[in-house]
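Novice: Listed below, chain by chain, are the residues.
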Amino acid sequence: MKSRIAIPALAAAIVSVTGLMAGPAFAGNATSASSHTVEVAASRSATDVIKTLASEAIVGLTDQSLSNDTRRQNFVALMDRYFAMDVISRFVLGRYWRSISEEELNEFADLLQDYLALNYASQFKDFNGEQFVVGDEKQQNKDTFVNSQFVRPDGPPVSIVWRLREFGDEYKIIDVTVEGLSMGITQRDEFTAVIQKNGGEVSALTENLRAKVGK
Amino acid sequence: MKLRTLLSLCAGASLSMLTACASTQPAQDTSDYDPLEPVNRVVHGVNGAVDFMVLYPAAMWYRDIAPQPVKTAVRSFVRNIGEPVNALNSLLQGDPDQAANSVQRFIMNTTIGFLGFNDVAADFGIAYHSEDFGQTLGHYGIGGGPYIVLPLLGPSNLRDTAGIAVDYVSNPLTWGSRNSETLDTLYLGSLALTALNARYSTLNQLNELQQTSIDYYAALRSLYRQQRNAAIRNGAEPSAPEFEDESASADFDDAFEAAAN
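These protein sequence lines map, in sequence, to chains A and B. For this note's numbering, add 455 to where a residue sits in the first sequence, where the first one is 1. For this note's numbering, add 8 to where a residue sits in the second sequence, where the first one is 1.
Calculated directly from the structure, the hints in this document are not laboratory data. Glycine residues also receive a C-beta, built at the ideal position from the N, C-alpha and C atoms. Any given hint might turn out to be false.
Which chain A residues face chain B? A few, computed with CB under 7 Å, are given here [to be verified]:
(1) Val542
(2) Arg545
(3) Tyr551
(4) Ile555
(5) Glu558
(6) Asn574
(7) Leu636
(8) Thr641
(9) Glu645
(10) Asn663
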């Protein structure tokens, strides 16, 4: 069962980046009939979540007439809706999330979203007829992995694997892996290196992020 | 050749160290081990400067000047040069079918493909697949060991550095170039084209990573580890669940529980 959704060019890469974030999502208004026989309580399957995300990303990010700011805002909105941002924020801090207060964590989570939007939203601008093909899904322990491919006219397809977990009754994305490279793990390794270099102070990373996003 | 002898010795010495920690599962490193970080960061900086002055401008020039057919031909040529090494390592990993593919590709492309500039084998449905000795060691469970930034070559680790040395001494072309001026020219030319092709093909990603990252060195280190993991498990199925990063799973579980409360 493959569904084809036309997506702009770099969308896949972006989408994968977006995958780093999630927040409170409204799930459930898309009642997609899934052919999966997996016993899931969620109102729609993980595969359907990815398909919906893809179509929303096309609408909200690839329109050439969008201003950069609007595109970034749309990107953040997609992260809020489809990504478990609170889980991701903790994950990318490695063990250091335990050393900061809830307040600092929320502040970090906001900065992280801005940072990712800044880095990736603009990539959707150049979308040009590439296709995003959602493949099968695999259950592994607590998580569901949805395979997909970003098919480019001029090169081999890029494989993207979405890692989702059930929160309440809906699937949220907790990681995106592009050609074997996990965005979450890469970000975690980089962020914890920064924190480590600064004597274990998460605030050093937060300052760096603030400077990057210009806040 | 003194360099060759030296490399063989180095390869032999590090191999004997590495095989001590071999296991039956393909190696999948889950965290960065970088005891040499201060030195590595210096080499990383020097490499960056050299890249900025030589490789990067060359790659930019190549990107803007060379027409796509030329780029495709160069890529095929560079890949073809490596086919004997691919074949040998596929064989060493117990995959004779893949080894036969590489041999077939090498013969077809070197002859009717004119020294490999045309990838005719791909047109016949024999896809390119690369294997190096670092992957062979990883296949037999040898972990990467300490991260090493090599001068000019960039990110590596102890295992893969040993692998590079072994691939160098096992490449027929490097031996042939000792006895034939033509092969020597071919070999040196292939090195230059390999560097150009490699830098060109990573132009966009590295630019982007450099601009977006907070610690470029650490980001590169993580990506190198993950990319080698994928190559060792023969990445057709990236992040196949059975090879999931255990430490990442534990971290996700922690983060998940905390978020749920």
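Novice: Does each hint fit the structure? Answer for all of them.
Specialist: Against the structure, the hints:
1. Val542: Since the shortest Cβ distance to chain B is 5 Å, the answer is holds.
2. Arg545: Interface hint status for Arg545 (chain A): holds (4 Å vs cutoff 7 Å).
3. Tyr551: Where the cut-off is 7 Å and the nearest Cβ of chain B is about 11 Å from Tyr551 (chain A), the hint is violated.
4. Ile555: 12 Å, violated
5. Glu558: 15 Å, violated
6. Asn574: OK, holds: Asn574 (chain A) within 7 Å of chain B, min 4 Å.
7. Leu636: Cβ of Leu636 (chain A) sits 5 Å from chain B, so the hint holds.
8. Thr641: 5 Å, holds
9. Glu645: 4 Å, holds
10. Asn663: OK, holds: Asn663 (chain A) within 7 Å of chain B, min 5 Å.
Taken one by one, the earlier hints fail for this structure at numbers 3, 4 and 5, listed in ascending order.
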